[in-house]
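S.K.: Please build the complex by placing chain B on the supplied structure of chain A, with the hints as guidance.
Chains as they are written, first to last, in the numbering used here: chain A, 1327 to 1704; chain B, 84 to 332.
To be clear, the hints were calculated from the coordinates, so they are not data collected in a lab.
Cβ coordinates follow ideal geometry from the N, Cα and C atoms, glycine included.
Each hint should be verified, as a subset may be incorrect.
[What the hints assert, rightly or not] Beta-carbon label-pair distances, calculated as ranges: (1) B:Asp199 x A:Asn1439: 35 to 41 Å; (2) A:Ala1542 x B:Glu269: 51 to 57 Å; (3) B:Glu197 x A:Pro1697: 18 to 24 Å; (4) A:Asp1602 x B:Glu269: 53 to 59 Å; (5) A:Leu1627 x B:Glu148: 52 to 58 Å.
[What the hints assert, rightly or not] Within a straight-line C-alpha distance of at most 20 Å, the following computed SDA-like cross-link-like pairs (lysine to any residue) qualify: (6) B:Lys234 x A:Ala1647; (7) B:Lys265 x B:Phe293; (8) B:Lys222 x A:Ala1647.
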Amino acid sequence: MNAVAPWFDVRRAEAAERFRALGLPHRRIEDWKYTDLKAALDGANDVEADTIGWEIAKLPTGVELFDLADLSNAPDWVQAHFGKAATGAMSAASLATARSGFAVRVTKNLAVNEALSVAFTGAGHARGLIVLEEGAALTLCETRTADVGFSNIGIEIVLGANAHLTHIRTAEPAPKAIQVEDVSIRAARDASYRAHLMNCGASLSRLTLRVTLKEAGAEAKISGVSVLGDSLHADVTTEIYHAAGHTQSKQLFKHVVGGKARTVYQGKITVAEGADKSDSRQTAKALVLGERAEADLKPELEIFADDVKCAHGAAVGDLDADSLFYLRARGIPEAEARSLLIRAFLEEAVAEIADEAIRASVWHSVEAALPRAMGTGA
Amino acid sequence: MLEIKNLHVVVGGKEILKGLTLSIAAGQVHAIMGPNGSGKSTLSYVLAGRAGYEITQGTITYRGEDLNLLPPEARAAKGVFLAMQYPVEIPGVTTLTFLKTALNAQRRARGESEFDAMSVLKLVRKKAAALKISEDMLKRALNVGFSGGEKKRLEILQLALFEPELAILDETDSGLDIDAMKVVAEGVNALRAPNRAMLVITHYQRLLQFIVPDRIHVLAGGKIVAEGGKELAHELEAKGYEHLAGKAA
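So here's chain A without its partners, still in its complex pose (with noise of 0.2 Å):
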């Protein structure tokens, strides 16, 4: 993003000022109370601006991609939509630092069938763009690696009338690494943001998602499992803002964690003013395996409308006493009943997932992350 683009140099500066004003997140911004990001980073009050890799192996057909490294010949629809959303600290950080990102636009009233694969690696700061037009469908399927250093990433999604979005995002443990990432969608008229966050943890992890159901019929559907061991750390935080009546919004997230792991869940839902006839449902829970391994979970609701539905609810505990008992007492030894127990509370969560073989690629890393969490291997 080096060459001149007036119209970007405007919302760039913008961002820059607002992360000169926000400075970095700590612990005493009550947002960011479980996630020190500031002194992860060692106090440092300006970010280095490497450049992450992000990488599309193959670009399924219908799928239009734009790098936002050269913004000098930028389509209309990125400079209609790029850079409008960057609230957050570092979501503006990453928007007035970033020199690589990528753009994917997929136009009117196609359905592309193949999942668009994005996968990030190593440090500093990046953005997407994703724009679904008007009845356009998309799968994403975004991955973090295990990469080393502090890394930034700050998305943005803008979805049409009628627009479906499946996002799958999995992050690998990373426990060498600092990872950020703010992830912005705006969902007009009947559109769907249906998302899956599979996180494994990092050294400091965290994961914004704000998502705004602007019209009537916009409805987010978010699902996520953390599971946590060793000393990692994973912070989930979504915002769900109903600005408009008839719209829904649900989420399941079921966290284990198990070491000296800590896991953090911040759901915020908002039903602005007028916003009747809206529908939230959230749910959070934790399985918290070791006395030295913690888990967060925060659920706020601010409701400005009259005739609303919201539901919440939020759990921390160990396995249920009776449902273990009822295992072992049907031959099932105690280790196996546990692991059994474990499992079926994730997959709850997994099942969400409506592709198969998604779910079975995401349950893969799962398996592959338990053995941590249960202090039973690597």
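M.R.: Structure of chain B alone, referenced to chain A:
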């Protein structure tokens, strides 16, 4: 087969069983009747090996072995089965997967070869049909969304599948209508065998019209206060527990 002598059990600091003595021979069906709070469920849990049920005095001998030394899974593998009053719901584990895992865990512990998925399915199907358990129920998560009757029938399916030598049925009749109870009772009666002992725990004599016991023990205040043949059930029905409990004290 099972010999309980002077059993004292403390749960959460409170003594619930206070010197219970009972013995059951192979091939027999015994019933334990008693009012709420008499210690019926405590007895079933202590036999199955639930944590938190501390034996402070007395012994439980099963086929010559001290049962108290074995963890729950070892008791199951050695043929002790408890049909529970409140079977737990386990989302995320299908009923069939659970049955296969349990059956193979027991077989493995006994040094027997494990069944493959196909053999388990065939075996389960055969036994499920008699208990009116549908294929659909087997595919659903264990007990999740099952009616009270379905849960109890699934307990009896396990009894039929695991073929234990000592079966304890804890309030298997609770929450069942008369038709469901008949299905369950038929299932249990079909499993009466010379090498198998059963202990039927119930509050009401109703179930004992369908599963006719060889002997009835009345449990009150943590010990057996009366014993007799099947006719004792009728006496209890007519005169109530107060009458017998009072006689013992």
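S.K.: Enumerate the violated hints, using their earlier numbering and listing them in ascending order.
M.R.: Violated hint (a single one): 8; every other hint is consistent with the structure.
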